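Kindly generate the complete structure, drawing on both the sequences and the hints.
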Amino acid sequence: MKKIIFFFEVHQPRRIRPYRRYEIGKAHEYFWHDKNKEILSRIISKSYIPMTKFLIENNFPCSISISGILLEQLIELNSPILDLFKDYFKSGLGELVGETYYHSLASIWDDEEFSNQIKFQEETLIKIFGIKPVTFRNTELIYSDHISEVVKKLGYKNILAEGTDEVISKYNPNYKYTSVSNLNLFLRNYRLSDDISFRFSNTTWNEYPLFADKYAKWIHLTPGEVINLFMDYETFGEHQWKETGIFEFMKHLPKELRKYGIELSTINSFAESSGSKGQISIQKIISWADTERDLSAWLGNDLQKEAFEFMRSLKGNKNMHVWRSLQTSDHFYYMSTKHFSDQEVHEYFNPYKSPYLAFIYYTNILEDFQRTYC
Amino acid sequence: MKKIAVLGWELPPIFTGGLGIHTLNLYQRLAKFYDIDLYLPYFERVHINYPFNLKFIDFRGKFSYSYESSRDFYDIVRAYNEALVEKFDMNNVGLIHAHDWITFIAASRIKQKYHIPLVITFHSTEYDRSGNFYPQKRIIEIEQIGIDSADTIITVSNYTKCILLKNYKCAKDNIVTIYNGVELELFYVTNKDYNLKNQIIYFGRLTPQKGPKFFIEAAIKVLNQNEKVKFILAGRGEEMDKLKSIATEYLNKNIFFEGFVSLKRAKELYAKSDAFVLPAVSEPFGITVLEAMVAGTPIIASKNTGVAEALKNILISDFWDTDLIAEYIISLLKYKALRKQLGEQGKFEAMKFNWDRTALNTLEVYKRYL
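Residue numbers (numbering that gives the first Met the number 0), protein chains in the order written: chain A, 0 to 373; chain B, 0 to 369.
Just so you know, these hints were derived from the structure itself, not from any lab.
From a predicted model like this one, the values you see are computed outputs, not experimental measurements.
Just so you know, not all the hints are guaranteed correct.
Okay, the calculated bits of chain B under chain A, using three or more residues with CB under 8 angstroms as the criterion [what the hints assert, rightly or not]:
hint: 1; region: 315-328
hint: 2; region: 331-345
Subject to a maximum C-alpha distance of 30 angstroms in a straight line, what follows is the list of computed DSSO-like cross-link-like pairs (lysine-lysine) [what the hints assert, rightly or not]:
hint: 3; chain 1: B; residue 1: K335; chain 2: A; residue 2: K314
hint: 4; chain 1: B; residue 1: K311; chain 2: A; residue 2: K34
hint: 5; chain 1: B; residue 1: K333; chain 2: A; residue 2: K34
hint: 6; chain 1: B; residue 1: K212; chain 2: B; residue 2: K335
hint: 7; chain 1: B; residue 1: K229; chain 2: A; residue 2: K25
The C-beta atom is built at its ideal place from N, Cα and C for all residues, glycine as well.
Written out as structure tokens, the structure is:
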């Protein structure tokens, strides 16, 4: 019987503040508390709370990862959302998924650093939720054979990756596969995922409006055993506002799916109950970002590369937590200068409005960090 | 087909600013569509091969003039305008296009006399030229006469449009913003290398309007931390001596005044500089920003620079915030990636501003009346 899996990424960075050069050597507070609080409060009330309540009230099973850098901020804000998440996981419906605490790019440059950040996230999840994850989702679905090897060594059973055009030209993403490291590998079905996360409220889309019955029919007609719908948690209520009908859509979906005998599942419960379609090797690093589905969203231009190299060069310092908080992928995302449709997405998320200012503030901070902690 | 009568002031090779460049580039292109009479004060030296009809207004009998000496400038303008009205040839003219206050009195009188539709362009306002210090009331009054007489007003930026709406009596719906272009073939540099040059450039007239004083203030703040950098001011103007005195001990050691520079030298300066800084107090457009950009040079411009409103790949500051300008300069000197990314993306962006687009947008305005 066919299953669908919803996986949600819950993450917000600690954005750095507009840090001026004259502060170097004098001010060591790097993060933009007011802005972070403002954005996070909005997202909590528009998205996290209504969506988590929705999951609880509708007994909606799904897999969720929550970055450590976000959990820190939720604790600081003393937000009721944390208890809602706890309630949801206590119900047993949800699966908590592991990642790097800092939502970083550590996987692409330092296995030891990568492993440390994963372990720190595990400790945090155990402390807050009493759960040790068995499924791993790397930052923005960054994946390669090598990354899966490192993750395997840390005891994980399942891992997620993007079903890029290259991958799905050879493999139907709607099955469970095995990585070369022998983890259960799940490939995102990007078309069906993006129908919800990007296109849902797009009135120029020829399938607009999207109702649960129509979508359930698409799922039904899609060949395979499991449809992997991976997206940002903020899809619900923030990227797609409540007024678009996104919550009603989600509410009706399980019922419509049941008409075709399709059930919702979590990653691990599906992994335990079904066989592998075969082994897949992905040597080149892929991700779910931008249209390129590679690392170019974070390391596509010279600004990003120089800032990243500078950050790396500060390894072995006296303030690892702050240094690692500066590794969060979002800092590099804000420095992107890509054109065309992707740039609009980048600009939407950029609190500095300019990739150049994102670079200047970031390098100013690193200069202070270098002086103060190295 | 009806003719267009253009009331102008200057034309390359005899020109001092954006107005001359605009006049040549615009009417070279529009001459393909319309028969154009271009009225100008008498020049001694001109090209002969313009594709439009040059109509020289000779009023030398009364005055000798130069654009730079402003003492008699107002009277010269009045005389030019009077002569323009006298000698205007209205035969078959369907539209008048007048550029800046220096032609507005004549434009208004000719329109009254012959009932021909009038388009006016503001390349700058008195508020820009005075750098917000003591704008001349009599010139503002002439600008208002132009506004009152015009059927359509063209501004070179939304920045200038806002100045009109704020300081003059005019209707928003009558104003169209049309950006200037850049002469790509003159300034384009292929494969600029972004290795450190330790050189920062200012290029423009040395008048309060363009903010050279703030360039020097920022330079001194950088030099206090890094004595290896050279700051070059290219351009002439009445402020030269005053500016030299501000440069103090850095004069001719780190801060250099180049005076007038040729096109060749300008291009060389762009190519050999790490950044171009324009801290203008009030700059309606700022063609030099685009010129430096197509040469691949990173830009720091003030918020009060018209073209800045349409550019993403530049750094922007308040003109008076020389701390921030100095910080931007230091970051540019320090990080090659910042120079390269700003330079390369900026070049690509600036290339979108071409005179063909300016001409087409102007054509759209003409079509309302012809």
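How the hints compare with the structure:
Check result for the region 315-328 of chain B against chain A: holds, 4 residues qualifying (beta carbon to beta carbon below 8 angstroms, three or more required). Note: the region 331-345 of chain B has 9 residues with beta-carbon separation from chain A under 8 angstroms; the three-residue rule is met and the coverage holds. Between the alpha carbons of K335 of chain B and K314 of chain A the distance comes to roughly 22 angstroms, so the proposed pair stays at or under 30 angstroms and holds. Restraint check for K311 of chain B and K34 of chain A: satisfied, since their Cα atoms lie roughly 23 angstroms apart, inside the 30 angstroms limit.
For the proposed pair K333 of chain B and K34 of chain A, the alpha carbon gap of about 28 angstroms is at most 30 angstroms, so the pair holds. A C-alpha spacing of about 27 angstroms is found between K212 of chain B and K335 of chain B, which places the hinted pair at or below 30 angstroms, so the restraint holds. Restraint check: the Cα-Cα separation between K229 of chain B and K25 of chain A comes to about 28 angstroms, which is no more than 30 angstroms; the hinted pair holds.
The structure fails none of the hints (numbered hints given earlier).
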